[in-house]
Amino acid sequence: MQLFPCPFCGPRSESEFHFGGDAGNHRPEGFRAVTDGAWAAYLYERNNLRGAASEIWMHMACGEVFRMERDTVNHRVAEALALGQGGGDDGMAH
Amino acid sequence: MTAWRTDGGSAVDRSRPLSFTFDGRTVEGFAGDTLASALLAGGVRVLGRSFKYHRPRGLWGAGVEEPNALVDIAGGMPNTRATLALAADGMAVRSVNAEPSAQKDRHAFLDAFSRFIPAAFYYKTFMFPDWHLFEPRIRQMAGLGTVDTAADGPAFAEQVNHHCDVLVVGAGPSGLLAARTAARAGKRVVLCDDGRQVGGSLLFREATIEGRPGAEWAREVAAELEQTGALVLTGTTAFGIYDHHLVGLSQKVEGDASDRLWRVRAASIVLATGAIERPLPFGHNDLPGVMSTEAALVYLRRFGVVVGRRIVVATNNGLAYETALALAAAGAEVTVVDYRADAPSPAGLQVLKGVTVAAALGRGTVTGARLSDGTVMEADAILASGGFTPTVHLFCQAQGKLDWRDDILAFVPGSPVDGVEVVGAAAGRFALPAVLADDTAQEFGIVAAWPKPGARERVWIDLQNDVTAKDVELAVRENFVSVEHLKRYTTLGMATDQGKTSNVNGLALMAELTGRRIPAVGTTTYRPPFTPVPFATFAGARSGTRMNPLRRLPLEREHRAEGAVFRAYGGWLRPAFYGPGVPDERIQAEAEAAREGVALFDGSPLGKIEVIGPDAAQFLDFIYYNTMSTLAPGRCRYGFILTEAGVVYDDGVLVRLDENRFVVSCSSSHVSGVHGLLEEWRQDRFDRRRVFIHNATAEMATLTVTGPRARDLMATLDLDLPLDDVALPHMAVVCGLLDGVAVRIARVSFTGDRSYEISVPADSAAAVWARLRQAGKAFGATLLGLEALMILRAEKGYIVVGKDTDGTSRPMDFGLTAPLERKKVEFIGRRSLATEDAARPDRRQFVGLEAVDGLGPLPMGAHGVEREAGKTRSTGYVTSSYFSPALQRPIALGLIERGLARMGDIVELQHLREIRRARIVPSCAFDESGSRLHV
Amino acid sequence: MTRHYSALSLFKEGLFGQKGWQQAWRSPEPKPRYDILIIGGGGHGLATAYYLARTHNIRNVAIIEKGWLGGGNTGRNTTVVRSNYFFPESTALYDMALRLYETLGRDLNYNIMLSQRGIVTLAHSEAEMEMAARTVNAMQINGTDAELFDIEDVRRVLPLLNVSPGARYPVFGGVWQGRAGTARHDAVAWGYARAADRLGVDIIQSCEVEEFIVEGGRCRGVKTSRGEIRAERTGMVVAGHSSHLAAKAGFRLPITSYALQACVSEPVKPVLDTVVLSPGTGTYASQSDKGELVLGGALDRVPSYGQRGNLPVLEDVVAGLLEMFPSFRQLRLMRQWAGIVDVTPDSSPILGESPLPGLFLNCGWGTGGFKAIPAGGTLLAHLLATGNHHDVSRPFDLDRFTRGRLIDEAAGSGIAH
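Chains as they are written, first to last, in the numbering used here: chain G, -14 to 79; chain R, 1022 to 1956; chain B, 76 to 492.
No lab work stands behind these hints, which were simulated from the structure alone.
Using N, Cα and C, we set each Cβ at its ideal position, and we do this for glycine too.
Check the hints yourself; a few may be wrong.
Anything over 12 angstroms on all C-beta distances counts as not near chain R; from chain G, calculated [stated by the list, open to error]:
1) Phe(-11)
2) Ser(-2)
3) Glu(-1)
4) Gly5
5) Gly6
6) Glu14
7) Leu34
8) Arg35
9) Ser39
10) Ala67
In silico DSBU-like cross-links for lysine-lysine, where the CA-CA straight-line distance does not exceed 35 angstroms [unchecked claim]:
11) B:Lys106 x B:Lys344
12) R:Lys1145 x B:Lys323
13) R:Lys1845 x R:Lys1824
14) R:Lys1208 x R:Lys1145
15) B:Lys94 x B:Lys365
16) B:Lys87 x R:Lys1145
17) R:Lys1145 x B:Lys94
18) B:Lys106 x B:Lys365
19) B:Lys141 x B:Lys106
20) R:Lys1422 x B:Lys87
21) R:Lys1422 x B:Lys141
22) B:Lys344 x R:Lys1273
23) R:Lys1125 x B:Lys344
24) R:Lys1798 x B:Lys141
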């Protein structure tokens, strides 16, 4: 299985992690002020990049939510960043 | 017969003879023999019948590359390679795909019609009248071995996880060297080899290494490795390399357990996986008696079996000479047919140079060979060496790319892959001096001998799938010229040997036919497993209660003692009802008794997730559909949690313990989902230093006392807290002590009657439960199982998420619009409630359904239907349906289009093509005013 | 020259050394311009070209495929065909495909080996039986075949299934669709390719899109590794690479791509005559006409374009099989592989014009594209020929996400679809 580096726990098996969507998917605020298109883009559109991708992941064992820079073709993990330390408050993808 | 036993054979113990049967015939051998070596020595030439044409087939090889000799062993696994299975006394072995035996197969006649059933013929016919007419017969003919449907198969396998610095795959000379070097440098080493002993080719080729005979040197290196703490695994195949350097190994174990699975995480990997000999293309090259040259050497040196008396060794390279000389020394008459004009002339060996074999001769077995110059030779065995194909599978699985080497006519590993090194024959260094001195010396000297188009006789490329050179030509003729199309069209390389002896010959022919170089044709994708691995090895112990284990209640023992009948609910094993008796009767009785007196219920799986901190209230306003920050400390409020798409994700009661402390209760099946949701928003939107989440679900047991006499029962308990309705009204919570145990008591009801939910630390649950049971005796308290609870809540119209909601249900579908109107702040899913879909007038809404046709409870899953102009349309469905003991009539709940605006309407419901009729009624059927909550 | 496939032509060619067989398709050089261009030479793309030519008489069509035709998910799936879906829109879509499959072999003059051996989706509890009833009723109302099986019915079609009450996932019954089954995946691709080619469609392999040609705000064609190709309308049918190409065209899609694994056992004589899915273990299985057991299960939940998965999912799938069929512990796994599946938020496909006018989409089939090939082709052909939706494809337009009108089948019919 793949190994992902939880910023809190260190390298752990992929089955302990949950994919949380694209990093940087900022939630549009203001309910009705947000157009249908903008809301759908936030809710449903994905970068889904082939190659280097910036993703939000959660380590379910400890609950840490963090950003991981990863290659979706060769599966190499470049780095994992805690949200507080450069992982950024990058907005949730939900 | 022509093969015979001689002296020697390092693997065999002559002092321990044995015998087994093959297709009913007795065969003798010795301990250490494989089935293949014993059959060979015993003169059994025909070991099976080919897949499509049912041609007689004999042994080709000595190892995993064997394409022909597959057997079924009674009490064992089908499709076992005879070259890998150890012979055992009393074994009953059968050939596959042959009836009644390999020798006399009733489908042998098919070969006479082979011209009408070439590759891919089944795509060109069987269309009329219908494929279904032909399919059963084709399926019967297909498949090789037979599953013994009355048996279970091997016991489950162990699975082991291991970490190391260096994993070396292959314990031949290069692998042993690599392992020793790493171990001496202080690395943690794992060395694996699929043979029963270490040594690889050293076990059958003569060699001297560091002054020692090869096999002895190998043993000494292995001993040194083990002394340094390295793991040396024999009988172990590395079958797959996966991401991040995880390597899967399959290790043979004693007894009837399946192979043990090793998952090895290695910092670096050395592949010393050797190379596999290629067949030579000539007419009838599938005749029993045509064998791999190297295999003949293995059978001689390891098992003491000489493959024939008059042997032709056909070769296009120099590595065949050791075999030729060894067989001659053992007493066989050997002639080397060397395809190279400049072949050597070793003393004592007859060598014909610059000629090739044109065809093998014989009916059912080799009796001679016809050479390219027309000469016909007598022979009872033809050994073929068409070159060697490095075993690069694992390198390619690790995303390595291959280079083609014209000098050795082989694909070798190309650009290196991080952390994966390839050594020895697997890297194209076939001769031992080349391995040791890392020098590609010219002992090999291969010339091309690829299959050519337009051959007169049939030339076999893939023995197991019966693919000939003509099939490859046909593929090209029809324009299936990419290497993957070639494979799928002809099925070349798709058999159990996955093309180990056929792929390169096939693509070489393809290259010639399409005017390309071999590397331009390329190879197909290498996939795990390298060689077939038992299913049981992958499954490990994951079976029965060890598969996706159900979660168990702290009080399971107590419930069982009370006669509970357990079922799985939302991943938990819980009491469905308490027996003995007829289930439906017991369930009705429990529900009835709960409304009359008092009942006890174990609600421990209920989610209890604490949200704590100065921003907790604000956080929960974002999480919930409802406004929660206005909830007073000590109070409870029912709410929905939506997805961002505005769909109901979960419902439950939020409990506020004090200013900065809440408990989110959620469905037992959704706990990890809700917990994850809370954590993600906490960390990604709020200040994680001001909100904390703690999942206390498993720490606390929740025991519920419910019913009109609930207060009376509670009053008899030794509770260190006030229980009057002023201190603890409905939807309020207090904390205190019960018998000295810290408890939290919430007046929350899922039954519609006055209820007290008592949450205690799980390890105190047994004591508290016993206390409640004790107290309950005076009231004739009934134990309430989940089935009866479901009826009680349905009588009240309380929803169960996932049952009364589907993937589209929104809060307005339940008539819960007020919270939205009042709420000022942002919350999960808010914007989605303003979409076109949310505003549709024809939404399915949650209503009650009352059967009006007197036919009993409405069937679960029945759909509301509208029928017009001959077409039927679903308008929703029944989501809950029971016989209500309180009302003494059927009740039901459902999601029906425009239901809330159609109160009183009669609707038709369709279930399995029958029609029922029901009236749309309010979802609450019992005690509409809710007065029983306060009784 | 033998063009037509039949027992007679096999016999004739057998007598004459197979010399007369025609090419299944040509290898034409791409022209600079076509009426319609289809990007993607998998099952859906090939079917689209076929129906453009056959139904709409539009033959000046090219398919460009970056690899070899049928080499993507069409060549990697587990060959199951079925239409046991929940919502009427889905049933209309998948049953259209199943009905087309029923005559496809003859229509294409290619034996696609459609084996309507049925599929049973097991129900492991009373609650699951209730959901099964809900699904069976939906299917019957929406116009396709379905039966609610009890445990005896299941035993009849799956004699080797472990139905003991003590099993981890006991069997109560299930949803049966008798018209469902399997079809040979390669044959479907090759059959459509050959038929389309015969009608004049150019199939151009080893041709990869580098850029879209956008003029006046419309897609006018593509620049490829083999030159520029222009067209009135372009269809994009590239399962596994939809987002990648969409990015080149300047928009994003509601798609995440994952690896979906599958594997086969060594071939054995017949032991499994129907297709079975267990929602409990997540494993589904059938036995191919070659004798191999073909298994699949859930996705590897890590977004990936690697076309390979890892051990945990494989172990789960195999463990699930053995839990259902203990005697299959006698078998070995022969080969495993994976494709790239494009998963949408509601597990329903996307059909319709893309945000770039002139470029039309057929994508987002997730784990369930193979069963829909004839319908996907029919519907995209309609879109490309007329510029408008067919009734069956309209609900699946990309705009459903903006409107919030998802067709969420995840609740509907088990995991993999």
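Each hint, compared with the structure:
1. Phe(-11): violated, 9 angstroms
2. Ser(-2): Violated, since 9 angstroms does not exceed 12 angstroms.
3. Glu(-1): violated, 8 angstroms
4. Gly5: Contrary to the label, G:Gly5 does not stay out of reach of chain R, its closest Cβ about 6 angstroms off (not over 12 angstroms).
5. Gly6: Non-interface label fails for G:Gly6: nearest chain R Cβ at 10 angstroms, not farther than 12 angstroms.
6. Glu14: Check fails; 6 angstroms does not lie beyond 12 angstroms.
7. Leu34: holds, 18 angstroms
8. Arg35: holds, 15 angstroms
9. Ser39: Per Cβ check, G:Ser39 is outside 12 angstroms of chain R; nearest 14 angstroms; holds.
10. Ala67: violated, 9 angstroms
11. B:Lys106 x B:Lys344: Answer violated: B:Lys106 to B:Lys344 is near 49 angstroms, above 35 angstroms.
12. R:Lys1145 x B:Lys323: violated, 40 angstroms
13. R:Lys1845 x R:Lys1824: holds, 31 angstroms
14. R:Lys1208 x R:Lys1145: violated, 59 angstroms
15. B:Lys94 x B:Lys365: holds, 27 angstroms
16. B:Lys87 x R:Lys1145: holds, 12 angstroms
17. R:Lys1145 x B:Lys94: Cα-Cα ~15 angstroms, so holds.
18. B:Lys106 x B:Lys365: Violated. B:Lys106 to B:Lys365 sits at ~40 angstroms, over the 35 angstroms cutoff.
19. B:Lys141 x B:Lys106: Cα-Cα ~16 angstroms, so holds.
20. R:Lys1422 x B:Lys87: Not OK: R:Lys1422 and B:Lys87 at ~44 angstroms, beyond 35 angstroms, violated.
21. R:Lys1422 x B:Lys141: holds, 19 angstroms
22. B:Lys344 x R:Lys1273: holds, 26 angstroms
23. R:Lys1125 x B:Lys344: At roughly 19 angstroms apart (the allowed maximum being 35 angstroms), B:Lys344 and R:Lys1125 satisfy the hint.
24. R:Lys1798 x B:Lys141: Violated, because 77 angstroms separates the two Cα atoms, which is more than 35 angstroms.
Consistency note: the structure conflicts with the earlier hints numbered 1, 2, 3, 4, 5, 6, 10, 11, 12, 14, 18, 20 and 24.
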